[in-house]
Amino acid sequence: MDSRFFTEHSSTKFNEDLEAIRTTTLEMGGLVAHQLAQALKAFSSGDSGLATEVIANESKVDSFELEIDHRCLEIIARRAPAAGDLRMVIVCMKMASDLERVGDEITKIANMAIKLLESGNLKMGMHEVKFIGQQVTNMLATALDGFARIDASSYGDICEREQEVDASYGSGVRSLVTYMMEDPRSISDAMNMMWTLRSLERIGDHVENLAEQIVYLVEGKDVRTEG
Amino acid sequence: MKLVDNVTEHTIPKDTVGTPFSDNAEISVRNVDVFYGEKQAIHNVSLDIGKNEVIAMIGPSGCGKSTFLRVLNRMNDTIDICRVTGEIIHDGENIYAPKTDVVPLRARVGMVFQKPNPFPKSIYDNVAYGPKLHGIASRRTDLDEIVETSLTKAGLWNEVKDRLHTPGTGLSGGQQQRLCIARTIAVNPEVILMDEPCSALDPIATAKIEELIAELSTNYTIAIVTHSMQQAARVSNRTAYFHLGHLVEVNPTEQVFTNPDHALTEAYITGRFG
Amino acid sequence: MTNTNLTQRQIIEAGLKKRYRKERAFKAAGVISIIFGLSWLVLLFGDIIGKGMPAFKSTMIQLSVNLDADDLGIDPEDATTFNKGNYDRVIRNAIRSEFAEVKSRGDRRSLGRIVSSNAGYDLRDLIKENPTLINTQASVWVKADSVVDDYFKNYYSPQKPGHILTDKQLIWVNDLIDRDKVTFQFNKGFFTSSDSRDPESAGVAGALKGSVLALIVCLVLAFPIAIAAAVYLEEFAPKNRLTDIIEVNINNLAAVPSIIFGLLGLAIFLNLFGMPRSAPLLGGMVLALMTLPTIIISARAAIKAVPPSIREAAYGLGASKMQVVLHHVIPLAMPGMLTGAIIGIAQALGETAPLLMIGMVAFIVDIPQGITDPATVLPVQIYLWSDSPERGFVANTSAAIMVLLGVLITMNLSAVLLRKRLEKRW
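Protein chains in written order, with our numbering: chain A, 1 to 227; chain B, 1 to 274; chain C, 1 to 426.
Next up, chain A with everything else stripped away, as it sits in the complex (with noise of 0.2 Å):
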């Protein structure tokens, strides 16, 4: 769909604050999608130096979202925005509350690849890992591309690989309580790999989030209800 324009506002100001909650938020994206690179790589490389960055990074996600936040509420408190620009702010304002979560989850992933790394127990789980990783990362730079562009066309694309995400999430879980019940030392290691599967299957759920929130921005339509 290649419908989406820029045209200007009757107020320059209202235009630029608009602009400025949109590319504010696909900064924040931007900054979670590396984060989320990150942690994964955490686990592929072997570097928990990575893990603690990502851990220290945190702070600014939240500082995002805090700013988008206060940003949306000055635009509703003094432009009282409609259509389009009222879903706009509510869209960035409910995107940056998901990227927030998507970055508390980055943070969990990266504390349970510091302690795997440290046991150095990383076979068990590690392929369902790498590909919910990799759904994930795909899906998140998806979902922003399409809020970059306004475009809510990858909305089927998200859903069907989210619903990969649940069954690879599923059959990970499986497997490592196969390992636990075989051998009941692992079980720690397990429980850790266990919550990383975890935290990348809640990703995968808020960029679906996100991808609805698109779909809300450029149709106007809620598909919560149906997905």
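Far from chain C by the CB rule (all over 10 Å, computed), these chain B residues:
1. A25
2. E38
3. N94
4. R139
5. T152
6. E196
7. S199
Looking from chain C toward chain B, a few residues come up when the C-beta cut is under 8 Å (computed):
8. G316
9. L317
10. G318
11. Q323
Source of the hints: derived by calculation from the structure; they are not laboratory data. A virtual CB, placed ideally from N, CA and C, is assigned to each residue, including glycine.
With the hints as your guide, set chains B and C onto chain A.
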């Protein structure tokens, strides 16, 4: 910044988009054109105004919304060069039929104007004028009752009951406008037309009028023209968007203000022109 | 900025002085104009008041008259005979008895002339009012002749040339003064009597009443017709060529010289309809014709000034056109209409020319009792007096002008008050 999905151009649609028709219509407007001399002010408007609904008409200046409102009780008759074609059905009769008399029509479709315009008479006489005119009440006690109920409905009784015989023009702007509303409902109309009733009022007075509109909507059908989109959003059930004499879109107010169907509506609502 | 040496602020400040100077000059021009106008007004009023004030006073001489019925030649029982009495002889005898030493025929005649030639009529009126005085010796105050009056008003003095009191008359008058038999008092007669050949007896009552009657006729005719015309033209008439022509003609009529209306009255009312000449009815009709356009124009302006919002409100409640006009437009336009009417009437009050054409310029001694009696009006009276040679009429002319101005001021004041009273805010 502007989002448009299914409509890609700023073109006036051939037919009104959204839901202009209703199963429970108080007034049915069909294919109405209005001309001022050679100039066409309204182009082929069809719209139902539902019973007990508040319908807001919005649009940029000169879009024909006020003209359309005035057509509904033939206030445009006072302008010599104004000509109306099409049908406006109220209570099964075309109000523009040759046999329709405007005097009873205006008693049934009342009007409140932009500027509060009480008569330079007492508050009591202002409200009693309509009933006296139409012979609804001739006895003093009946009139007293009508005056009291009308002022009560208009939320003005408590403020003026001790000075009913002081001039209506001595009230504040907001009170004057409520007096005008009381004067209109004193003849017990079915429809009240309001032409930018708050444009001369301060925000507090405006809020009172808006509250009053909400109360009145339980008994009356209200069509309100407003240049304040926020007011339309606050008071109406449905919103009609006029553009250059065309009725572009009619939809439930909530939809119009979150996700209008037409790009022109969106552009106007979000303040891109007008 | 083009001039780099001066800042913008300096440029503005440099220009300020010039601006203020111009402003002061502008104000001064206005003040000078007003002072110029006012000084002429003061001069005019000063002249009129200075000349007119003496007319409000008159010189009275006290005489002891013997009101013997036989001498008077009247029957005390029959009031109808009072008019035929020889009052002049009684007066003459009374003045002669004051100066018993005057014997010669010429001196006696000269002595008789210090009393007004109308004194006999005043005495007759006194007896009519008070018949019990008959057959008594009564002390009455009678008017002095205008030459004596003029002497007291210092128009003439022995030093000034042209005085027409003879030396002997002067001695007698001074003798009367010494005996306290002369007073100088308010001239009530000026307001109660009508025109006369003698300035000391002439009054404005006839002309004033004539004016009032003519104006009442004028108002009764012109006001309703003008209002009806104005309401029709403003509210009902279609806007087309015909109404445009009517409008132009009404405006033209307002500027037509008033004498034309007099000629019209002469040709139509007098010659065609044969209405009574010199009557206030006729005068009022001619004045009505003349004031109609003025009232129509101001009434239309007043109707135009009724805010459209009031009309809309009434139409919105379902009032018919006539109801809107009767309930709202006319009551709201009424103050303006009345002001217009009063201005028109005031204009009519001062009008002379058309009335000359219809014979209201006659010398009429009786106060008119109705609108068909011959009468004159104030401005015509002023015109007539200003033409009279007697010195006393100069004062009378100015005094009549003062009365006319007084009536005008009263009317204009009432216009303002009426407007204040009726005016409603919207």
